[in-house]
Amino acid sequence: MECSRNGAQWAVVEGSRAVARAVALCRPGVISAYPITPQTHIVEDLAQMVADGELEAEFLRVDSEFSAASVVYGAAAAGVRSYTASSSQGLLLMTEVLYNMAGTRLPVVIGAANRTLSAPISIQPDQQDTISLRDSGIIQLYVENPQEAHDTHIQAFRLAEDPQVLLPVMVCMDGWLVTHTFEPVCLLTQDQVDAFLPPYRPVHCLDPASPLTYGSFADDDKLMEFRYMVAKAQEEALRKIEETAETFRQAFGRYHGGLIDSYWVEDARIIILAMGSVVGTIREGIDLLREEGKQVGLIKVRSYRPFPAQRIRNLVRQAEVLAVLDNNISLGAYGALCCDVAHSLINDPFRPAILPCIVGLGGREITVNSVRNIVQRAELVARERPSVVEPWWVDLRPELI
Amino acid sequence: MSAVRSREQRERELFAPGHRACPGCGTAIAVRLILKATGPHVIVVTPTGCLETFASRYLESPWEVPWIHPLFENAAAVASGIEAALRVKGSTTKVVVIGGDGATYDIGMGGLSGMFERGQDILYICYDNEAYMNTGIQRSAATPFLASTTTSPSGKRSWGEDRPKKDMPAIAVAHGVPYVATASLAYPPDLMNKVKKALSIRGPKYLQIDCPCPIGWGFPEDMTIEVARLGVLTGLVPIFEMEDGVLTRVRKIRDRKPVEAYLEPQARFRHLFRKEGGREQIARIQAIADANARRFGLDA
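The listed protein sequences derive, respectively, from chains A and B. Per the working numbering, residue 1 is the first one in the first sequence, and the count goes up by one each step. Per the working numbering, residue 1 is the first one in the second sequence, and the count goes up by one each step.
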């Protein structure tokens, strides 16, 4: 990976530090947060930077995640670049504000340290928290490692503030696995980020010089059009996410995928789809399986909202089976990613079979061996082509049930 | 700080006509007076409630100042973010919240406590109509003792609301809020002067305005101001200012009226006059007025 342009330097840092550094480089005017594990190191680092005068920002220490989200909502409405981060229950407590933020078209960036939801209480990672926000109108980008978390935060501000998008962007990173892992990260410099991300110039904001009314009451003759416009902005973001990732590649030489990233898919009979840090393990598994002559590939879904249905469809049509790994579950149905992938393919007569896999809930480790088992199960599906495949709970411990 | 003059009151309307408030709405009168006092260099935040509903129908807006309605329970936190953003921008624009008693006393209490405790330079105004009027007159923590509402109705075994009104001004004072005051629609210059004075003080400010509601309280729509006045003159709505925790000004009452004068015109207290044993219940309300008179030194 490249890290030599214009003074960018490798540093071995914790994922949270890489994120905090990226946020600071984006020069936010207002930051607000409420502590929740494993988001804490991100906001502690930002607080320290403010305390040391390295970052000129208002850091509001609030009474709840609900207030944290509300503070950045207000700051963004007043036309200032704003950031918050949370996790798990905290994200759920923010939920009402996040829907409202998207509906009000406020370009806040939110760091989400993925952690499972109660009950039972646990501080281990899965993506149940952020998936539960998928319908809110916010953009969700899932990252693989600290480097991508650093780079994606910088892309996120540019994307959110694009006048044709104007939506909150959530950068989703697995708690601990990304936030607390020390890795070499190429940290961008202030000059580099300034060149990539211009100062925020809101299309409009709360200003007595031009008094506007925000948050109006919309009756049945108008509300549907508001929703439609958010849907169209999400659609526009499909293009902008790719464009932003490409501009970033040209500027800094790094690319983590646009809407998706793929690995060995061209001739793959079996394709694994996944989001988040598990992608690294899957790559490693694929390397081993490829050595054994198995035609296995990977699609990393980087943008979950907007959902890149067409990109996925175009890549998977030659495959026999898609093993869709969900690090979440819509209880009573399937994993969320599986539903979206299935929907993307439903009208395609050449669609591959789908093996829905529920993986890694509450931090259950997903190993290379888990990947091997998933591929084995996918081969079975390829042979037998059953018309219904129930979700498979990978590495479940039946002896405990 | 300059006192509000009558000419100024006649001048520019920042809360324009054409909203959808009910006839005789106390809140609409309050907002009009508030904005006359703030002038145009202000951003107003309004939580969900009557005011938001009647004053923000999309494509129509009576707000001649920048105005935002976020959610029910987060106006104080949203105002905090706006205030922080204005500091970043180096702006001198003031931030004012105008929220109902449900948003203030109940659902928004946590966020409001945070705003107070952080010492943010925001004027929080509660338009207190003493129940959830927007949703159909349900009881809030601001509903007065023995008022009948749709969720605290009087009945065979009930005299209506069974708890006294929560003491929000005292809660604000306990946070170290440097300026805490109450006002009444019956005394517009006093109300406007308090808004002006509050805006001249740095830090969090809390102003509570008693806003009679013809529909929710059950009185004729041309009696709003009179009902407001009776609330003050009976001692049930004490009008005062507290600066840095010290009571500095009180509206004195000459010949304080018995509480019946206030209760009788209102349907929400009608059961007290119709049911057997009502006299004893009214005496309990009189005791609240008497306690107010002692606590605030209301009697002239």
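Hints are computed from structural coordinates only; laboratory data are not their basis. A couple of the hints might just be wrong.
List of simulated lysine to aspartate or glutamate pairs, EDC-like, C-alpha gap at most 20 Å [to be verified]: (1) B/K196 <-> B/E260; (2) B/K89 <-> A/E246; (3) B/K94 <-> A/E54; (4) B/K89 <-> A/D207; (5) B/K252 <-> B/E221; (6) B/K257 <-> B/E226; (7) A/K222 <-> B/D255; (8) B/K257 <-> B/E280; (9) B/K275 <-> B/D290; (10) B/K89 <-> A/D194; (11) B/K156 <-> B/D121; (12) B/K252 <-> B/E280; (13) B/K89 <-> A/D267; (14) B/K196 <-> B/D121.
Evaluation of the provided hints:
1. Between B/K196 and B/E260, the direct Cα distance comes to roughly 34 Å. Violation of the 20 Å bound is thereby established for this hinted pair.
2. Taking the CA atoms of B/K89 and A/E246, the gap is about 32 Å. The hint is violated against a cut of 20 Å.
3. Of the pairs offered as hints, the one joining B/K94 and A/E54 is violated, with about 28 Å between alpha carbons and a cut-off of 20 Å exceeded.
4. For a cut-off of 20 Å, the pair hint linking B/K89 to A/D207 stands: about 11 Å separates their Cα positions.
5. Taking the CA atoms of B/K252 and B/E221, the gap is about 27 Å. The hint is violated against a cut of 20 Å.
6. A C-alpha spacing of about 13 Å is found between B/K257 and B/E226, which places the hinted pair at or below 20 Å, so the restraint holds.
7. A distance of roughly 55 Å separates the Cα atoms of A/K222 and B/D255; the hinted pair therefore is violated under the 20 Å criterion.
8. Among the hinted pairs, B/K257 with B/E280 is consistent with the structure: their alpha-carbon atoms are about 18 Å apart, no more than 20 Å.
9. Restraint check for B/K275 and B/D290: not satisfied, since their Cα atoms lie roughly 24 Å apart, outside the 20 Å limit.
10. Between B/K89 and A/D194, the direct Cα distance comes to roughly 19 Å. Compliance with the 20 Å bound is thereby established for this hinted pair.
11. Only pairs whose Cα atoms come within 20 Å are accepted, and B/K156 paired with B/D121 is rejected, the gap being roughly 48 Å.
12. In summary, the hint linking B/K252 to B/E280 is not supported, as the alpha carbons are separated by about 27 Å, beyond the 20 Å threshold.
13. Under the criterion of a C-alpha separation no larger than 20 Å, the hint pairing B/K89 with A/D267 is inconsistent with the structure, at around 55 Å.
14. In summary, the hint linking B/K196 to B/D121 is supported, as the alpha carbons are separated by about 14 Å, within the 20 Å threshold.
Violated hints, listed in ascending order, are 1, 2, 3, 5, 7, 9, 11, 12 and 13; each of the other numbered hints is respected by the structure.
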